[in-house]
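J.: Sequences listed follow chains H and S, in order. When we follow UniProt numbering, the leftmost residue of the first sequence carries the number 1, and every step to the right adds one. When we follow UniProt numbering, the leftmost residue of the second sequence carries the number 1, and every step to the right adds one.
Treat the hints with caution; some may be incorrect.
What the hints assert, rightly or not - The following label-pair restraints were derived from C-beta to C-beta distances:
| id | chain 1 | residue 1 | chain 2 | residue 2 | range |
| --- | --- | --- | --- | --- | --- |
| 1 | H | L121 | S | K98 | 52 to 62 angstroms |
| 2 | H | R215 | S | T49 | 47 to 57 angstroms |
| 3 | H | P197 | S | G38 | 15 to 25 angstroms |
| 4 | H | L120 | S | D217 | 42 to 52 angstroms |
| 5 | H | R19 | S | D217 | 36 to 46 angstroms |
| 6 | S | S186 | H | K117 | 24 to 34 angstroms |
| 7 | S | E233 | H | K117 | 29 to 39 angstroms |
| 8 | H | K117 | S | G347 | 17 to 27 angstroms |
| 9 | H | R215 | S | G156 | 18 to 28 angstroms |
As the list claims (entries may be wrong) - Quick look at which bits of chain S chain H covers, simulated, 3 or more residues with Cβ under 8 angstroms:
| id | stretch |
| --- | --- |
| 10 | 72-80 |
| 11 | 113-124 |
None of these hints come from the bench; they were simulated from the model. No experiment lies behind these values; they were computed from the predicted model shown. Glycine is no exception: its CB is placed at the ideal position from the N, C-alpha and C atoms.
Listed below are the residues making up each chain.
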Amino acid sequence: MTSTLSPPGAGPGPSTPERVALRHRLAERGVDRTLLLLLPGLLAVVALFCYPFLYGLQISFQPTTGGTLGSYRAFFDNSYAVGSIAITFKLALPAALINVGASVPISYRMRRDFRGKRLLLALLVVPITLGTVLTAEGIVEFFGPVGWFNQTLRTLHLIHTPLTLTYNYWGVLLSLVISGFPFAFLLTHSYLSGIHPALERAAATLGADWRQRFRHITFPLLLPGLMTTFVLTFVLAFAVFPSAIMVGDPDGRTHVISIEAYETALERFNYSQGCAIAMIMTALMLTVIALTMALRTRLYRGATGGKG
Amino acid sequence: MNPTAGQPLPTQQPAPHEGRTGSQVRELRLEGVTRNYGAHTALHPLDLTVHGGEFVALLGPSGCGKTTALNCLAGLLPLTGGRITLDGQRVDTLPPEKRGFGMVFQNYALFPHLTVRANVAFGLKMRKLPKAEIGHRVDEVLRLVRLSEQARKHPGQLSGGQQQRVAIARAIVLEPPLVLMDEPLSNLDAALRLEMRTEIRRIHQQFGLTTLYVTHDQEEALSLADRLVVLHEGRVSQIGTPADLYEHPANPHVAAFMGYRNLLNLTIASTDTTGVHARGRGLELRGTPATDHPLSPDQDVVVAIRPEDIHLAQHDDAAAGPGIEAVAEVVEYHGRQLHVEALTGAGDRIHLTSTSPVHPNDTLSLTVPADRALVFPREPEELQEATG
């Protein structure tokens with residue numbers, strides 16, 4: 001702002017036009033009182049995210065032994081700990097892909113009005129309100145060795161010995177799908193309603209059957225939204241913690257990175273390494289987000305003609 | 001111009017258009033096409049026969065069922081009743097992608113993620129034509145709509161008029177048996193609308209495509225179409241050539257649409273061989289019956305008159321008989337003429353044009369040539385409309 005208040009000698013001539021009020025000049029640059037609206041949000045971000053993050057970051061560089069990078073070195077030297085990265089990816093990637101994949105056909109169908117649409121919508125979104133504990137309880141009951149799922153399969157003579165779907169990889173994956181799907185569905189649903197229905201109708205009059213309409217029109221227009229949805233559900237799944245303990249095998253196949261961080265910090269009381277693991281976790285998530293967003297910039301992201 | 005417009009095709013051969021074979025279609029027939037939305041009937045049984053190469057406009061106010069009719073034809077809405085045949089082949093049972101009709105949407109519905117070229121090529125690609133042929137045909141159509149320069153741009157980078165031309169190009173590149181246009185000019189500004197109107201007519205003539213055009217703008221319909229279908233509340237009011245409708249509207253509703261702004265509720269005083277004498281609401285005038293049924297004295301009628309057919313009385317035609325006395329209220333300047341809204345003693349509004357100066361609050365003495373005042377019998381449900 002001070003540049004506009006340059007000394008008179010710097011101006012091209014003595015007859016500078018009458019100065020506009022400071023408030024107007026600031027408003028020209030987007031500085032006005034509505035900026036204050038940012039304040040509460042910014043405060044929350046700084047206090048609840050930036051400060052703890054930076055605090056953890058500096059702790060991670062101050063281990064009791066091994067120098068600045070000691071905590072990181074200790075993590076990467078421990079094959080059991082490093083293995084948690086692969087375990088987490090093996091859970092989070094399929095969970096995110098299943099959630100996004102399943103939400104596309106369902107939201108595609110939900111665009112039209114039909115009887116019971118509101119009921120179906122409510123049923124699909126209800127898992128959001130269920131806590132992880134309740135979901136885990138349900139999974140144990142329903143998918144357990146003598147749960148309804150196995151009983152039904154047995155009655156239908158599809159299997160002879162019950163499938164093991166709890167206290168292992170599958171239990172956690174089921175839990176991630178159940179809790180992550182509503183988010184994926186709601187996002188996809190709103191992205192899809194942002195695509196003007198006339199586009200598909202136009203494609204139909206040009207001779208495209210429903211498969212071609214989806215492949216050439218709807219899917220390309222939806223893809224950027226799907227990538228955003230994927231990133232969000234991936235991040236949710238990557239931070240999996242309670243279900244990995246309750247319906248998983250936390251010391252074996254579902255020893256995910258957040259459990260490793262928890263055990264290091266709060267069971268072995270190595271705060272520095274715990275923070276280091278949290279930082280590694282953050283870096284991995286940011287890498288996936290960056291890769292997805294980089295791919296996304298290569299797609300068409302303009303207007304899709306609809307209300308979204 | 002299409003020489004066969006408005007008449008049944010006398011020969012097998014459609015008229016040739018600049019070396020093209022013209023429209024491949026000979027006859028599109030709609031028989032009792034009906035569409036209901038629940039209990040509401042949006043389109044009452046519609047019968048219409050469109051001949052090859054013809055340009056037919058569906059005209060009516062919003063909500064009259066014209067877009068419903070077009071969507072039924074395109075296959076985007078299933079029919080509630082009736083059938084549509086194209087050269088004897090039933091098409092109303094086919095999904096839209098099997099009908100092969102070109103459609104131009106009101107909001108253009110261009111694919112925003114595809115270039116202009118890919119938009120136009122889309123239909124050809126869906127038909128799995130060889131690449132070379134697609135390229136050749138797209139180039140030709142883009143040249144025709146003067147968009148060769150814009151081929152690599154995305155729709156978002158084009159102006160409204162250019163987007164409109166892409167939409168037309170995309171529909172006609174398939175050389176469809178029928179082109180459907182849903183108010184394609186309604187989103188454009190006035191100057192561009194005139195320009196595109198000429199463009200659409202030019203393209204129609206060049207390709208000889210059979211076209212069904214939906215609009216609420218009577219000027220657009222009159223200037224573009226070979227034949228007009230006027231719809232009112234889902235029913236056909238009149239079908240005819242622009243001249244038919246302009247000169248001989250079938251009812252006060254069509255008359256109002258064709259520029260008869262003055263609709264006066266009068267009563268027949270007397271009839272004779274040269275016309276009728278109507279009076280009421282402090283007015284008295286001579287008119288021409290616009291109906292096949294004879295009018296009898298004391299019958300309630302609606303008299304329809306265009307603003308340009310009402311003249312200021314000259315001093316020497318006092319002998320012409322009684323006229324209309326009215327006080328000018330609003331005077332609008334329209335270049336060579338003035339548009340005047342005047343109020344009669346009984347409170348009826350009269351619209352007229354004048355080339356001589358008129359000022360607000362002037363008392364005007366008006367005359368109407370008897371052959372320019374159309375007299376319609378008044379239907380009970382037309383009462384409210386006519387007074388409006």
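J.: Which hints from the list above does the structure break, by number from lowest to highest?
T.: When the structure is compared with the hints, numbers 1, 2, 5 and 8 turn out to be violated.
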